[in-house]
Each structure stands twice: as C-alpha cells, then as structure tokens.
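Build the full structure now, drawing on both the sequences and the hints.
As a plain string of letters, each chain reads:
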Amino acid sequence: MMRARKLALPAALLAAALVLALSFHCVTVRSDMAAFLPAGGTPAARLTLAQLRGGPAVSLILIGIEGAPAATLARISRVLAAALGRSGQFSLIENGQQALGGADLRFLFRHRYLLSPLTTPSAFTTRSLSADFERLLAGLASSAAPLVEQYGLPDPIGAFSDIARTWANGSNMREVDGTWFAPHRNRALLLVRTRAKGLDLVAEDRALTAIRGAFAAARPRPARLLLAGPAVFAHDAAHAIRRDVRMIAIVSTLLIVALLIWRFRSPLVIAAIAVPILLSISAALLATELVFGFVHGVALGFGMTVLGVTVDYPVLLIGHRKFGEPAAATWRRIGAAFMLTVATATLGLTGMLLSGVPGLSQLGLFAIVGVLAAAAATRWLLPPLIVLADLAPVSAGEPERLLRIERLRNRRLLGLLPIAAAGLYLLAVGRPHLEIDLANLSPVPPHARALGAALRAEMGVPDVSQIVLLQGADAEAVLQREEATLPVLARLRRNGVIGGAEVAARYLPSAATQRTRQAALPAADVLARRVARAEAGLGFRADAFSAFLAAVEASRRMAPVTLAGVKTPVLAARLQSLLFGGGDTWFGLVVPRGMTDPGRFAAAFRGMTNATYVDIGRETNAIAARSTARAGRWLAIGAAAALVVLALGLRGLGAVARVVAPIVAAGLVTVAVLTALGQHLSLIHLVSLQFVAGVGLDYALFFARRQLDAEERARTLRTLATCNVMTLLTFGLLAFCRTPLLRQMGETIAIGALAAMFFAFLFAGPLPNTSSCDRSS
Amino acid sequence: MLAVCLLAPGFPPAAADPAGNWLEVLMQRLAQIPARSANFTEEKQVVALTRPLLSHGRLFYVRPKWLEKITDAPQPETLLVNGDRLSLTIGGGAPKILSLASVPAVAGLVDGVCATLAGDLPWLRRFYRIVAAGNMSHWRLELSPAGPPLTGLLRTVTIEGAGIDIKTIAVKQVNGDREVMTISPAQ
Chain H
1 MMRARKLALP AALLAAALVL ALSFHCVTVR SDMAAFLPAG GTPAARLTLA QLRGGPAVSL
61 ILIGIEGAPA ATLARISRVL AAALGRSGQF SLIENGQQAL GGADLRFLFR HRYLLSPLTT
121 PSAFTTRSLS ADFERLLAGL ASSAAPLVEQ YGLPDPIGAF SDIARTWANG SNMREVDGTW
181 FAPHRNRALL LVRTRAKGLD LVAEDRALTA IRGAFAAARP RPARLLLAGP AVFAHDAAHA
241 IRRDVRMIAI VSTLLIVALL IWRFRSPLVI AAIAVPILLS ISAALLATEL VFGFVHGVAL
301 GFGMTVLGVT VDYPVLLIGH RKFGEPAAAT WRRIGAAFML TVATATLGLT GMLLSGVPGL
361 SQLGLFAIVG VLAAAAATRW LLPPLIVLAD LAPVSAGEPE RLLRIERLRN RRLLGLLPIA
421 AAGLYLLAVG RPHLEIDLAN LSPVPPHARA LGAALRAEMG VPDVSQIVLL QGADAEAVLQ
481 REEATLPVLA RLRRNGVIGG AEVAARYLPS AATQRTRQAA LPAADVLARR VARAEAGLGF
541 RADAFSAFLA AVEASRRMAP VTLAGVKTPV LAARLQSLLF GGGDTWFGLV VPRGMTDPGR
601 FAAAFRGMTN ATYVDIGRET NAIAARSTAR AGRWLAIGAA AALVVLALGL RGLGAVARVV
661 APIVAAGLVT VAVLTALGQH LSLIHLVSLQ FVAGVGLDYA LFFARRQLDA EERARTLRTL
721 ATCNVMTLLT FGLLAFCRTP LLRQMGETIA IGALAAMFFA FLFAGPLPNT SSCDRSS
Chain R
1 MLAVCLLAPG FPPAAADPAG NWLEVLMQRL AQIPARSANF TEEKQVVALT RPLLSHGRLF
61 YVRPKWLEKI TDAPQPETLL VNGDRLSLTI GGGAPKILSL ASVPAVAGLV DGVCATLAGD
121 LPWLRRFYRI VAAGNMSHWR LELSPAGPPL TGLLRTVTIE GAGIDIKTIA VKQVNGDREV
181 MTISPAQ
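Chains H and R are the protein sequences, given in the same order.
So the first sequence is numbered by our numbering: it starts at 1 and just counts up by one.
So the second sequence is numbered by our numbering: it starts at 1 and just counts up by one.
Keep in mind the hints are simulated off the structure, nothing from the lab.
Covered by chain H, per the in silico footprint, the following chain R stretches (three or more residues, Cβ under 8 Å):
| id | stretch |
| --- | --- |
| 1 | 42 to 55 |
| 2 | 72 to 79 |
Interface residues of chain R toward chain H, partial, derived using beta-carbon atoms under 8 Å:
| id | residue |
| --- | --- |
| 3 | D84 |
| 4 | R85 |
| 5 | L88 |
| 6 | S99 |
| 7 | A101 |
| 8 | A105 |
Quick caveat: nothing in here was measured; it's all calculated off a predicted structure.
Glycine residues also receive a C-beta, built at the ideal position from the N, C-alpha and C atoms.
Written out as structure tokens, the structure is:
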C-alpha cells in the first residue's frame with residue numbers, strides 16, 4: 001500500500017513523458033521565417049520573398065579555405081570539390097575548375113550564334129571575316145595553337161569566347177592553379193548548392209557534415225575551413241542556443257531541485273510539477289499541428305516560454321495545502337483565485353491568436369491550449385496524486401514574521417516612486433526604442449554575418465537585398481523586358497551607380513532576339529563564297545572552315561534556346577535563380593552588384609511598366625512592423641477582455657485596480673529599465689512581457705484573496721515567493737546566455753518577475769490594520 | 001618495337017647494345033646538369049594550313065620543372081612553365097596564366113621534355129612508354145603516351161641527342177599536326 005502511494009506520482013510522470021515524446025513524434029516542425037510572417041504587400045513582393053527565402057539562395061553554401069600556402073589551398077580546393085561531387089548531395093559545386101563544365105561548354109558552343117550579341121550581319125562580311133582569319137593565322141603560329149584549332153577555326157568571329165566571358169565575369173576572383181581565390185587575400189573559394197531545399201534542415205545538416213568530413217579527409221593541416229550561408233547560419237545558431245541552454249539547464253535544474261526539496265522536503269514534488277507541464281506541452285503541440293498542419297520552431301520556442309507561467313500552478317496548489325488535508329479543502333480556499341488566474345491568462349492570450357500574423361496566431365493557440373491543459377491537469381489530475389504522496393509545505397511560517405513583512409504595505413505609497421520614475425523616464429526619452437530591423441532579431445552572431453558578406457563579395461555572388469523585379473505573362477515576355485533594361489544597366493554602370501548586374505537576358509536572349517540573329521546569318525552558299533574570298537592568299541587548306549560553315553547553317557535552322565531547353569547543371573542553376581514563375585505569371589530578377597547609390601538605381605526603373613524596385617530588407621521589415629502593430633492592437637483587445645473577466649470575478653472596481661496596477665507597474669518599470677540599458681524592444685520582449693503579465697497576475701490574484709487568516713496569508717506569501725524564485729531560476733538565468741535572443745528574454749523576465757512580485761505584494765494585498773482577516777482572527 | 005628499330009636506319013638496334021645500360025648512364029649524366037640555355041628553330045605543320053610555319057627563339061631550363069620558351073620571330077611570344085603554372089604572353093598582350101592540368105596536351109609535352117632534361121626515368125615512365133635506340137653519342141627516345149588523356153592528343157614525342165646535348169624534339173599529334181624543334185647551343 002505504502003509502495004503504491006509512493007509510486008503513483010513517478011508512474012504519472014513516466015506516462016506524461018511518454019505522451020510528450022509521442023506528441024513530438026506526431027508534429028512537423030518548420031523553421032523558415034516565411035511561414036512565420038504574413039504574406040507581403042504586392043503579389044510580386046510576396047513571390048520574391050517566397051522565392052528568396054525558400055528558393056535557390058537559401059541552399060547556397062559559401063566555402064573559404066585559408067591559413068596555408070596558396071598551392072596547398074588550391075590542392076585542398078580540388079580534393080574537396082571532387083569529394084563533394086562524389087557525395088551526390090550537391091546540385092552545384094564551383095571552385096573555378098567546373099565553372100563551366102564540359103556539358104555546359106558544349107551547350108554554349110552549339111548555340112553560340114543564337115546566344116552571342118556578336119551575331120550581326122556585319123560580322124559575316126568578307127572584310128570582317130578576312131580580319132578574323134588573319135588573327136587565327138597568328139594564333140596558329142603561337143603556342144596557343146591547340147586552343148585556336150579547337151575553338152577558333154569553327155568560330156572565327158569569336159562568338160563562343162564572347163559568351164564564355166559573359167558567364168565568367170561578375171567576380172573579381174583570382175585563379176591559382178585553376179582554382180578560385182579571393183582577390184586580395186590568400187583564401188581559396190568554393191560555391192556549392194545543396195540538392196536539399198533550404199527548408200530541409202536535416203538534409204542541410206547532412207550536407208554540412210559532408211563538407212566538414214571531405215575537408216578533414218583532404219589532409220588540410222594547417223588550413224582552416226570557413227563556411228557561410230543561410231543553412232550554415234541556421235545550423236550554427238541552433239548549436240549556439242543548444243550549448244547555451246544545456247549549461248543553463250543544468251545549473252537551473254540543480255537549483256530548483258534544491259529549492260523545492262528545501263520547501264517541500266520531498267523529491268516527489270518535482271514529479272508533481274512536471275506532470276502538468278509535460279501534458280500541457282503535448283496538448284499544445286497536438287492542437288497546433290491539428291489547426292495549422294505544422295508547428296513553427298519560433299512558436300514552439302516562445303510558446304514554451306509563455307507556458308513557463310504554468311509551472312506556478314502545481315506550486316500554488318501544493319504550497320497552499322495543509323498537512324493531511326483532503327484535496328477538496330485546499331481547493332475551497334484557492335479555487336476561485338486559481339480559476340480567475342487561468343481565465344484571465346487565457347483571455348490575455350487570445351489577442352495573439354486573433355492577430356492575423358500566422359506565427360503569432362500559432363504562438364497564441366499553443367499558449368492557450370497549454371495553459372488550459374496545465375490548469376486542467378492541476379485541477380483534476382494532480383490533487384489525488386498529491387494527497388497520495390502527501391505533499392505539502394513543511395510549515396506555513398511564523399505569523400510574527402509575516403506581520404513584520406506585511407507592515408511594509410503601510411509605506412506602499414513609496415512604491416509609487418519607481419513607477420513614477422519609470423513613467424517620467426519613458427516620457428523624457430520619447431518612447432521605448434523599437435527594433436525594426438529583422439536582421440537584428442536573428443540569432444546569428446554579427447561576426448558570422450560579416451564573414452558571409454565578405455565571402456559573397458569576394459565570389460561576386462550578388463546580394464539579393466535590393467533588386468528590380470520584372471513581370472510578364474511568360475518567360476519570353478520577361479526576357480524581352482529585360483533586354484530593354486540592358487542599356488539602362490549599362491548607363492548605370494558607366495556612371496558608377498552599380499558595378500554590374502545579373503540579369504537572365506544577358507545569358508539567355510529572348511526568342512525574338514535569337515530569331516533576329518538567325519536572320520543575320522548568311523545562307524550556306526553566300527557564306528561559302530565569302531569565306532573563300534576572305535581566306536585567299538592566307539594559306540588555309542580548303543576545308544579549314546568546314547566546321548564553321550556547318551555550324552552557321554545549323555544555327556539558321558535550330559529552334560531558339562528557351563529556359564526549359566537549358567538543362568546543363570551550371571547554366572540551368574544560374575538561370576533558374578534569375579528567371580522563374582509558372583502559369584501566366586513569370587518574374588525576372590535584375591540583381592545589381594557593387595551598388596553605390598540605391599536611390600539613383602531605383603529612380604532609373606521608376607515609371608517602367610511591369611518593373612518594380614524591391615528592397616527585400618525594407619519589405620520584410622515593413623511586414624514585420626505591420627505585424628507587430630497589428631499584434632499590439634489585438635493584445636490590447638485581449639487585455640481588455642481579461643479586464644472584463646477580472647471585473648466580473650472580483651466584483652468591484654477597487655479590487656480590479658489592485659490586481660491590475662501591479663501588472664501595469666511591472667511592465668512599465670521593465671520597459672523603462674530595458675530602454676535605459678539601451679535595448680531595442682522586439683518580438684522577443686513582447687513575448688517575455690506577456691509571460692511577466694501572466695506570473696504577475698498569479699501573484700496579484702493570490703495576494704488579493706479576501707478574508708484569509710494569518711496562517712493562510714503566510715502560506716500564500718511563501719508559495720508565491722517560491723514561484724517567483726523558480727521563475728528567476730529558470731527563465732531569469734537565461735540572462736547569462738551568450739545568444740542575444742536568450743539573453744534578452746532572460747533579462748526581461750528577470751526584471752519583470754521581480755517587479756511583478758514587488759508591486760503585487762505591495763498593492764494587491766490588504767493593508768495589515770484594515771484587512772478583514774485580522775478582524776476575523 | 002622491332003618495326004621501330006628497323007625503320008630507324010643509322011641506329012644500331014637496341015638489342016646490340018643493352019638499351020637499359022646506356023639509357024641509365026645517359027639519364028644519370030643529364031640529371032647532373034642543373035640548368036641550360038639554347039637557341040631553337042621550329043617548323044610547325046598545322047593540318048588547317050597548306051604551308052609550314054617557321055619560327056625561332058631561345059630556350060631556358062632549370063631543374064626540375066622550370067622551362068621558358070622565348071620566340072623572337074616572326075611573332076614575339078613568351079611561354080613559361082613553372083611547376084604546374086603556365087604563363088603565355090603573346091606580342092604585347094597581357095600574360096595568360098593557366099594551370100597545366102587544364103591543358104593536358106601541353107602538360108604532357110612539358111612532362112616529356114622536362115623529365116628527359118632532368119634525367120628522371122621514373123617520371124618519364126609515368127606518362128610514356130619509351131623506345132630507346134642508338135648509343136650515348138647518338139641517341140633517340142621515342143615516347144608514346146602511356147594512357148589517357150595523352151593518348152587522345154599526342155601520337156609520339158621523339159627526342160634525339162648526342163651525349164648530354166638535345167638536338168631535336170619532334171611532336172606528332174593525333175589530329176595530324178606535327179612540329180619539329182631543332183636545338184643548337186646558345187652563342
């Protein structure tokens with residue numbers, strides 16, 4: 001019998017843990033910001049964002065190798081590229097060797113007269129050909145003769161080398177032993193793209209492991225490997241957070257176990273607290289999956305934070321139990337306050353649920369279901385278990401000491417001072433600083449972002465943050481629009497506004513342009529006569545230009561090259577990131593390089609039909625700002641609903657004011673302190689403040705209960721102090737993390753929870769001499 | 001191999017004088033020369049042209065793989081190989097720098113010539129099958145590529161010499177081009 005009593009709680013804990021593991025197994029976790037933010041303003045911006053966040057740019061990994069002599073770096077680069085090619089995980093591997101691989105070169109060579117702007121009527125005149133032939137003759141006499149024979153004789157006008165130059169330019173990389181090197185430093189460079197989509201974090205992780213493994217296998221000593229790119233950042237951020245959290249989790253768990261055992265003298269109390277939490281997370285996960293079809297990583301992380309408030313629920317129950325008391329008796333004393341706490345917290349969270357921002361809606365749903373599940377578990381599941389295990393505080397505390405502490409409330413007017421100071425400070429500053437740049441929300445450390453920018457600049461991979469988007473009914477229409485922008489881009493480049501630009505039409509002319517070029521190619525007999533006249537006296541054999549004649553004739557008849565027709569890996573990869581769409585909506589990107597004056601660049605495209613200048617950073621931030629504003633409005637509505645419930649539950653405006661004032665005061669003081677510390681308020685702070693409001697509500701409502709004897713008041717004070725210390729030991733400890741996101745969360749919660757406890761004690765509880773319980777006792 | 005020997009009048013068959021013997025002695029003596037310079041004249045027969053192309057200039061070699069070929073006329077040009085790096089400057093143009101690995105035909109030729117000048121038989125055998133004929137005072141090495149990619153580009157490289165002096169280098173390509181370089185000591 002005794003054993004069964006002892007075993008009930010651990011068994012419940014085990015069952016709850018199993019339920020949670022099963023729930024995690026059932027849900028899909030996604031972590032792309034596109035799923036968290038609402039869709040952008042214009043359809044164009046929306047599609048660009050989707051493309052840029054989920055598209056080819058996301059699966060790009062930039063690799064640098066440095067710290068060894070150039071020849072060693074070049075060797076490692078070659079070995080690495082070969083190993084990555086064998087792994088089959090990458091759709092693109094460029095290190096200078098494969099910049100244009102065999103298949104790509106053959107494709108360009110076959111279509112050279114359709115793709116090169118050198119194909120004009122004047123290039124095929126006798127006079128022009130004769131100059132070309134003389135050049136070839138000099139080339140054959142030189143040591144470059146093998147190249148001249150391979151590429152020059154079949155293409156005297158040089159269309160192919162012109163195309164190859166177009167494809168090669170865009171970077172100012174050096175070449176060392178045929179591999180890419182940074183222009184101004186001893187660093188070998190590689191560019192790879194994973195076959196997996198950027199959203200597939202597991203596959204991206206596998207690809208990163210493959211790169212690190214291949215590097216280690218290349219006997220790299222003493223060279224170092226540098227990695228950058230969205231996938232690398234996601235991976236590193238996850239690792240940094242995990243490292244941070246592991247340390248904090250160990251410290252925090254030890255301290256909390258010590259605290260609880262000291263307060264309740266039984267390790268079982270930890271199981272009692274864990275059961276509702278585990279069940280609440282399970283319920284929240286499953287509900288979110290059911291409604292949204294997936295759980296967003298950010299909603300999950302922040303949702304668990306908000307659920308931190310439910311840790312208090314079992315403590316409130318156990319802390320108020322008298323030794324040997326049946327569960328129903330404890331409930332009679334705290335039931336009303338507890339139910340009001342849960343109802344108010346739930347209503348406060350509905351604001352998020354209805355905000356219309358997909359990520360926040362998830363977060364709201366997650367938190368609401370979690371709070372309700374934790375409350376239900378505490379109300380119906382926990383009481384019998386606690387009675388079985390006989391959990392209760394060691395003692396309620398000495399009433400003498402309680403009275404001494406409660407006398408502090410006589411000076412509660414002094415408590416108005418910090419509130420007034422905080423208010424005046426915020427008024428003086430104007431208002432708290434709001435974080436508007438989403439980049440600063442990212443958990444990626446600034447030095448990693450700087451490395452990414454440096455590698456991208458060295459490789460000439462354009463930064464897709466400011467682009468022009470051209471729209472058309474099909475790829476052909478887009479390409480024709482792009483061709484019209486080519487002179488504009490050339491002018492901007494001459495004026496130094498941009499260093500150059502990536503645009504699909506430079507690589508793939510529209511079918512119309514290709515047909516114009518075909519029309520410029522002379523008929524077989526005409527060209528044969530001109531070639532014969534041009535080579536007269538130069539000493540070429542009669543059939544020296546037969547390949548040239550055949551290629552021109554073939555080009556006259558071939559179908560123009562289309563996007564779908566380009567299948568070789570490097571060409572297709574580059575074109576598909578610049579020209580994409582479906583149905584009757586196609587988009588082309590003009591991606592500038594080396595931008596010096598965004599204003600003038602944008603102005604050059606203003607007024608052009610179907611051309612939109614998009615500043616991705618600004619666009620994303622605008623969406624985030626709109627979302628935050630909308631979320632703020634709904635949070636206010638949620639808070640108002642919570643107030644109504646409070647007013648109904650407490651019956652009396654004075655009581656409502658006593659409960660609400662500490663929460664408002666805690667929020668005000670927290671925001672003022674954070675602002676004074678120079679922090680910019682963001683979504684992280686918003687969520688943390690929501691959490692603070694939740695625990696503040698617990699404190700205030702429990703302090704504000706009426707008609708309590710001194711013993712019960714002492715129990716409440718000790719229980720709430722336990723809750724408060726637990727909050728500080730769990731979430732407050734995050735303030736010691738290195739990851740900015742976690743540190744900010746920790747600081748906000750630590751300051752907020754302390755302030756909430758202080759103000760709730762001061763304002764929500766009754767004054768010692770007027771309280772009804774003194775009269776009754 | 002017998003045919004090759006028969007087709008080479010003026011050279012006693014290798015069997016008469018144990019080939020390995022004088023070849024190894026020759027290689028050892030070549031290996032002792034750290035650097036050399038010479039003049040050359042070259043006659044190149046390109047399939048696409050009806051008449052041969054003639055040129056002349058200077059050659060410099062430093063063990064093991066530094067080779068410079070300066071053409072003075074008719075068109076000035078400098079070809080410099082240093083290890084795996086190849087630089088080609090034609091006329092007054094900018095030097096074009098390549099990795100030898102990216103131009104296998106040139107790389108094979110460079111390996112054949114440099115391995116011979118360095119007196120490094122294992123190096124030479126890595127790329128070529130060797131047919132040696134003659135004796136120390138009048139020898140000929142006919143090199144044929146040992147495997148791809150050289151087999152697809154070069155038919156033979158024939159090097160003739162007397163003692164430690166190289167006299168001619170003749171190259172036959174698979175596409176039918178051929179060139180003969182005649183080397184004379186620097187003045």
